[in-house]
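For the sequence shown, UniProt numbering gives the first residue as 1, with consecutive numbering after it.
Worth flagging that the hints you see were computed from the coordinates, not collected in a lab. Owing to the predicted nature of the structure, the values given are computational and were not obtained by experimental measurement. Some hints could be false.
Stated by the list, open to error - The calculated DMTMM-like cross-link candidates involving lysine to aspartate or glutamate, where the alpha carbons are at most 20 Å apart (straight line), are:
#: 1; residue 1: Lys504; residue 2: Glu147
#: 2; residue 1: Lys523; residue 2: Asp57
#: 3; residue 1: Lys523; residue 2: Asp470
#: 4; residue 1: Lys155; residue 2: Glu87
#: 5; residue 1: Lys481; residue 2: Asp401
#: 6; residue 1: Lys155; residue 2: Asp139
#: 7; residue 1: Lys481; residue 2: Asp394
#: 8; residue 1: Lys481; residue 2: Asp470
#: 9; residue 1: Lys155; residue 2: Asp57
#: 10; residue 1: Lys523; residue 2: Glu51
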Amino acid sequence: MATLLYRLGRGALRRRRLVVALWLVVLVVAGLAAATLRGPTASNFTMPGTESQRALDLLADQFPAASGATGSIAVKAPADGQLATPEGQAVVQELVQEASTLPGVVGAVNPFQVGAVSPNGRYALVQVQFATGGDEVTDEQRTAYEEVGAAAEAKGWQVAPGGEVLGGEPEIGSTEALGVLVAAIVLIITFGSLVAAGMTMLNALIGVGVGMAGLFALSGVIELTSTAPILALMLGLAVGIDYSLFITSRHRQNLLEGLSPEEAVGRAVGTAGSAVVFAGATVVIALAGLAVVNIPFLTVMGLAAAGTVTIAVLVAITLQPALLGFAGNRVLPRRLRSTVDSAAPGEPVGEETLPVEDRSGFGFRWARFVTRFRVPVILVSLLGLGLLALPTPDMRLALPDASTATEGSPARVASDLTTEGFGPGFTGRLAVVVAGDDAQATAAAVPQVTAMIQRTENVLAVAPPQLSPDGRTALLGVVPKTGPTDEATETLVHDVRDAVGGVKGAEVLLTGATAIGIDVSEKLSDALPIYLLLVVGLSVLLLMLVFRSLLVPLKAALGFLLTVAATFGITVAIFQQGHLADLVGLDTPAPLVSFLPILLIGILFGLAMDYEVFLVSRMREDFVHGETAREATISGMGHGARVVTAAALIMMSVFGGFVFLEDPIIKSMGFALAIGVAIDAFVVRMTIVPAVMSLLGDRAWWLPRWLNRALPNVDIEGEGLREHLDDRTPTRV
C-alpha cells in the first residue's frame, strides 16, 4: 500500500492543476446537487419493530386523523379562578378558534370540554391536531403556530405553544467557528508557516464541503435525522484537518532532509498517508458497523459520518499533495526556506532534523520521565481514570424532551408552564391504541383497558377515548404523575403494557413520544455491549496486522476501554448529574441522549487507533532497526509527541466548538468527543502507552511464528517502500 500511495502522491503533485480542478468541479457539482435535491431532515427517532412504532403504523392505517403531529398550547390567566369567568372562557374560546384555523391544523380541542383546566382555574391546555407528521409540518405552518394567541397576550394572558410539532433542525452558527479558529491557530504554531497552516485548513474545508454537499443531496432520497449532518460536519472537520496535518508534517520533514518537493510529497503520502488510510478505514468501519445494531436512524447517522471521513481521506492523499506542489518550500518557516534552497541535494538542514542523539525536546523529556517512573505513572493514571469513571454505572439513556430544551425557547416555555399548572406528567402523555376486529369488539375492550390503566401505579388520569370514523380503533390519552425521562415513567410504560396484555378481542398498544423514547433507549442499551465487543475485537485484529504483536493490540484495546469508561463518567457527572453544568452552558441536567454512548464508542475507536498507530509505528520502526525496547519507546514518543499533541488539540477545538450550540444533544456530543480525545491522546496514548511499552520490553513485539506467517502484511510503516527507495539518490528540482 505504501508504494502505491507513494506513486499517487508524486502523480498528484506533477498533475496538480488537474487534481485541483477536478476537486473544485466535484465541489461545485455536489453543491448544485445539494441545492436542487435537498430534502427535509427528521427530528423524530423511529424504531421499527417496537410496540410504540407498531401503534403509530396502525394509527396511520386505521385512524389517520390521529396520526399527525400534535401541539399543546399552555394558557395562563392573569389571576386564579379567571378561567371560570365568562370573560376568561371567551378568551380561551377565541384562542381555540384561532388555533383551529391555522394552516395545516385539523382541529383544536376546547379545554373546558375535556377537563384540561387546572383546579385553581388559572391554567388550561388547548390540544391541537395537525394533518401531517412533525417532519412534514412546513416552516410557515410552524411559525404561524408559534405566533398564536397574540390577542390573549395583549390582555395580559400568557400563551405558550408547545408539543412535538415544535421539533426542528439545530442551527449551525458562528459559535462553533471558534473551534475552527483555534484549530487554525494550533496549525500556525505547529508549522510556523501561514502557508502550511492555511493550505492544511483549506484542504480540510474542501473535503468537508464535498462531503456535506453530497450528504444533503442524498437527503432527498434517504431520511436523515436532524443530528446526522451535524455529526458528519463535526467529524469531517476534525479528521480532515488531522489527516492533512500528518501528511504536511511528514512532507516538511522530508524537505528538511534534502529531498526534492516531488520526492518529499511521494514519501509523505507513502508513509504518513498509509497511517491516514488505516486510521480513516478504522473510523469508517466502526461507523458503518453501527448497522449491526439494526436501528435505521443510527445506521444512517453512522453511514453519513463515514461518508465524510472517506472524503477526508481521499482529499488528504490526492488534493493535499497537489496543494503542497503549489506551495513548494513555503510550507517551511521563513528562516529555513533559503537554507533548504541553497543546500546540496540530499543534505539535511534545519534545527528540526537534529541528530537522533540530541533529544532535548519536550516529547523526549516526557518519554524519559514516563519510562523511568513507569510503575507509579501507570498506577496514578489508572487511579485518575478510575475516579473519572465512577459515575458511569449510574448512566441513564433517554431521548430529550422539551423540559431539557434551552431556557427561553418556545418548547421550554410551554413545558415549564404546563408543569407549573398541571404537573410534569402532562408534558409526556402516553397514548394507548385499542384496535378490534369490529366496532363492537373495540367498544367492549375500551372500558376494560381504561380500568386496568387507572389501577396502575403512577397514573394520574386517563382521557376519554377518541374513536375512528368506523369505530374499530380507539385512542386513549394516559397522563403519568412523573415527567417523560423519569425512571418512574419508564416503569409505568412497562406496567401498563403488562396490565393490558391479556385483553381479549382487541389489540392494545402503547405509544406516544415518551414511549417511543423509552423503546429506543432500551434497544440501544441492549445493543451497546454487543457493539463494544465488536469494536474491541476489531481493534485487536487490526493492530495485530499492523504491529505483528499480540500484547500491543491487547494493551491498545484495554486503553480504549479506559478512555470510554472515563469519558462516560465525566459526561454523566456533568450532563446527567449536573456537576459543573454551568461551565458548558447546560440549563437542565437530564439523562444522556440514547444514541450518544454507541456513537461515542465508534468515533473514539477510530481516533484512538489513529494516535496509537502514529506513536507505536515509530517505536516498532526503531526497535526493528536495532534500538532497545526502551530507547525505541522514547524515540517513538519524541518524534510523534508534537504532531499528536497538535492533532489532539485540533480535534478538541473542533469538537469543543459544538459545545456552544444551544441544542443539548449536539452540546453533549461535542463535549463527550472533545473530552474523550483529550483523555485518549494525553493520558492513554502519551502516558500509559509508553509506560506499558517500556515495562513489557522486548515481549511487547512477540508474535507466534505460525500467526506471523498467516497474517497479511499491510506495511503501515512503509518498510517495503523504504527498501524500494534505498538505492535511489534524491535529486533536487
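Tested hints:
1. A C-alpha spacing of about 46 Å is found between Lys504 and Glu147, which places the hinted pair above 20 Å, so the restraint is violated.
2. Restraint check: the Cα-Cα separation between Lys523 and Asp57 comes to about 19 Å, which is no more than 20 Å; the hinted pair holds.
3. For the hint pairing Lys523 with Asp470, the CA-to-CA distance comes to about 35 Å; that exceeds 20 Å, so the pair is violated.
4. Proximity of Lys155 to Glu87 is assessed by CA-CA distance (about 11 Å); at most 20 Å being required, the pair is judged to hold.
5. Distance hint between Lys481 and Asp401 is fulfilled; the C-alpha atoms sit about 16 Å from each other, no more than 20 Å.
6. For the hint pairing Lys155 with Asp139, the CA-to-CA distance comes to about 28 Å; that exceeds 20 Å, so the pair is violated.
7. With a C-alpha separation of about 23 Å, the suggested pair Lys481 and Asp394 falls outside the 20 Å cut-off, and the hint is violated.
8. Taking the CA atoms of Lys481 and Asp470, the gap is near 33 Å; set against the 20 Å cutoff, the hint is violated.
9. At roughly 42 Å between alpha-carbon atoms, Lys155 and Asp57 are farther apart than 20 Å, so this suggested pair is violated.
10. About 12 Å separates the Cα atoms of Lys523 and Glu51, which keeps this hinted pair within 20 Å; it holds.
Violation of the numbered hints given earlier is confined to hints 1, 3, 6, 7, 8 and 9; the remaining hints are satisfied by the structure.
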